[in-house]
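Respectively, the protein sequence lines represent chains U and F.
To convert, note that position 95 of the first sequence is 95 in this note's numbering; the numbers rise steadily by one, no gaps.
To convert, note that position 43 of the second sequence is 43 in this note's numbering; the numbers rise steadily by one, no gaps.
No lab work stands behind these hints, which were simulated from the structure alone.
The model shown is predicted, which means the values in this text are computed figures rather than measured ones.
Check the hints yourself; a few may be wrong.
Unchecked claim - To spell it out: a stretch of chain U is covered by chain F in this simulated footprint if at least three of its residues, at any positions, have a beta carbon under 8 Å from a beta carbon of chain F; those stretches are:
{"no.": "1", "segment": "27-34"}
{"no.": "2", "segment": "123-132"}
{"no.": "3", "segment": "238-251"}
Stated by the list, open to error - Residues on chain F that point at chain U, a partial pick, calculated with CB under 7 Å:
{"no.": "4", "residue": "F31"}
{"no.": "5", "residue": "Y97"}
{"no.": "6", "residue": "L111"}
{"no.": "7", "residue": "L122"}
{"no.": "8", "residue": "Q135"}
{"no.": "9", "residue": "L157"}
{"no.": "10", "residue": "S186"}
{"no.": "11", "residue": "L211"}
{"no.": "12", "residue": "L215"}
{"no.": "13", "residue": "I251"}
{"no.": "14", "residue": "A269"}
{"no.": "15", "residue": "L273"}
{"no.": "16", "residue": "V274"}
{"no.": "17", "residue": "V275"}
Where a beta carbon is used, it is the ideal one built from N, C-alpha and C, also for glycine.
The lines below spell out each chain.
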Amino acid sequence: MDVALSKNGARVLRAFFVLVVVFLYAPIVILLIFSFNKSQVPAFPLSGFTFQWYRDFFENSDLRGALETSAIVASLTSVGAVLLGILASIALTRRQFRAKPLVSALLLSPLVIPYVVFGISLLLLFHTLGIGNGIPTVFIGHTVITLPYTILVLVPRLEQLDIALEEAAFDLGAGRLRTFLLITLPLILPAILSAFLIAFTTSFDEYAVASFVIGTRVTFPIYLYSALRFPSELPQVIAVAVVVLVVSLIVIVGAEVGRRVAERRFAD
Amino acid sequence: MGRGEGVLRRRFNLTTPSLLGLPLAWLGVFFLLPIAFVALYSFDVYTLYPGAHGFTLAGWRATFHEPIYLRLFWKSVKMSLTVSAIIVLLAYPLAYYLALSGTKRKYILLLLLIAPFLTSYLLRVLAWKVILGDQGVINTFLFWTGVRSPGHPLSQLLYSRFAVMLVLGYIWLPFVALPIFVSLESLDRSLLEAASDLGASRLQAFRRVTLPLSLPGIFAAFLFVFIPTLGEFVTPSLVGGASGYMYGNQIVDLFGTGFPDWETGSVLALFLLVVVAVLTIVFSRFLQPRQVASG
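The shape of chain U in the complex, shown without the other chains (with noise of 0.2 Å):
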């Protein structure tokens, strides 16, 4: 007998389990659905079949500048909050300091600030030392609110290491920074990668704090918010949404499978 679920309640989680999943998935099934239906209205009845969504969106330059904005932003974000991270990292896993359990706090602390108080303190301290809003202004929101992504992915797998490699090479005459870059950075590589992407998708769709702080070239959340608006633009958007959706779940479950794979290749 299994002591945790009988069999039938066993069955009834499982219907449950695929009736919540049923829900959290319908409604990218509907956008997919009417990005290709041929009304302007997603409406039923459904009205016939087009790529019409797509081509406009592929065609409307405000949007792909808006996209292009966001790459930029979550590339200069990822790699910001990736470099800050690691040495936030390796200092709170490697180094012993009395002030250690207030720094990994303080480290953490953007994880739990509500992002439109966040949002607002960037915007009065950018306008108290006249900083103009710009990428720079939403790169600096941005490394500040993923970097304790960062520090969550890499701490634990630089918990996980073995110490005895890194002081097998500083001993052998490695430097440090040559022990870091022989030994603990290839050893940390698929974390890295995990916290490059979290780091990037988050800037990539980051609206609240950039909306404080963006400035005449809008980032794709940005330009999503304010097409909410315009009905015309409403299929456009809809398309763009499927398009992101997708290849985001893509990416999502592609990265988390590579990472499995990953880290049980360097475990044996």
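We have chain U; now place chain F onto it with these hints.
Positioned in the frame of chain U, the structure of chain F alone reads:
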């Protein structure tokens, strides 16, 4: 090379400031300093407008004498509490199924559950806007099938408190399952076997063993939703209308165009921050992020 242990440790130690310098400086200038500006602004120590100013509690007093702000705060607390409680209740059986049913594909199923959370937030809100509107998917489906006449759509679906809570629940549900799953997954099954051997039924074993041991996961899950939804402003601004307006929207509006009032806005923002900080500190033992990250 005969390096002593002490020398080795010292050389390792030497670099701590250089490792932490950049990340801490970054957070100091771009995270702590801006928050300090908001605090100073709320006490009128600092302001962007010319004129005499100095430390005063007048802004705080004025803000909290105005009942609309506190009322709005409680409304937001109630909405977030309701959403958090409902989705924790929904997520628990999901996590239980994944962790304890012995299914072989639990990690694949977990990924299936969580993947939507990792996709675009704004686009998932957009999907609901398309679905819930007066001329949206649900209503036109009802017209089309003749359940309702086109003149009488279900107009409470969009731009309502219900819409905000539905969408917030939809967005956070997958994420909430994660900490509960982690706490159930780490549960020692031999405890359940022992309970069963001693004559406990499954329900008794659940109430006396499983549930108490998964409480940290439940608390963590609850806070992981409650904290971000309390200050939410994007979802309510898209699907909330007037009745779904939340505390976060008020802060945004006070800093926005029209009749900006940065001082009141700073007071409200700092108040929210203090509430969230207190919650985080009080419940910090449940918020071990490492527990979640390793899931």
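So, going through the hints one by one against the coordinates:
Counting residues of the segment 27-34 of chain U whose CB falls under 8 Å from any CB of chain F gives 5; the rule of at least 3 is met. Check on the segment 123-132 of chain U: 5 of its residues sit with their Cβ under 8 Å from a Cβ of chain F, so the three-residue criterion for coverage holds. A count of 6 residues in the segment 238-251 of chain U with a Cβ less than 8 Å from any Cβ of chain F is obtained; the coverage claim is therefore met, three being the minimum. Residue-level restraint check for F31 of chain F holds (minimum Cβ-Cβ distance to chain U is 5 Å; threshold 7 Å).
Look at Y97 of chain F: its Cβ gets to within about 4 Å of chain U, closer than 7 Å, so that hint holds up. The interface hint given for L111 of chain F holds, since its Cβ lies 6 Å from the closest Cβ of chain U, which is under the 7 Å cut-off. Hint status for L122 of chain F relative to chain U: holds, with the closest Cβ pair at about 5 Å, below 7 Å. The interface hint given for Q135 of chain F holds, since its Cβ lies 6 Å from the closest Cβ of chain U, which is under the 7 Å cut-off.
Here the hint on L157 of chain F is broken, as its CB sits about 13 Å from the closest CB of chain U, past 7 Å. Given the 7 Å rule on beta carbons, the hint for S186 of chain F is violated: about 14 Å separates it from the nearest Cβ of chain U. Nearest Cβ of chain U to the Cβ of L211 of chain F: about 12 Å, over the 7 Å cut. The hint is violated. Taking 7 Å as the C-beta contact cut-off toward chain U, the hint placing L215 of chain F at the interface is violated, the least distance being around 17 Å.
Taken as an interface hint, I251 of chain F checks out: its beta carbon lies about 5 Å from the nearest beta carbon of chain U, inside 7 Å. Interface restraint check: A269 of chain F against chain U, minimum CB-CB distance 5 Å, threshold 7 Å, status holds. Nearest Cβ of chain U to the Cβ of L273 of chain F: about 5 Å, under the 7 Å cut. The hint holds. Taking 7 Å as the C-beta cut-off, the interface hint given for V274 of chain F is violated, the closest approach to chain U being about 10 Å.
Because the beta carbon of V275 of chain F sits about 9 Å from the nearest beta carbon in chain U, more than 7 Å, this interface hint is broken.
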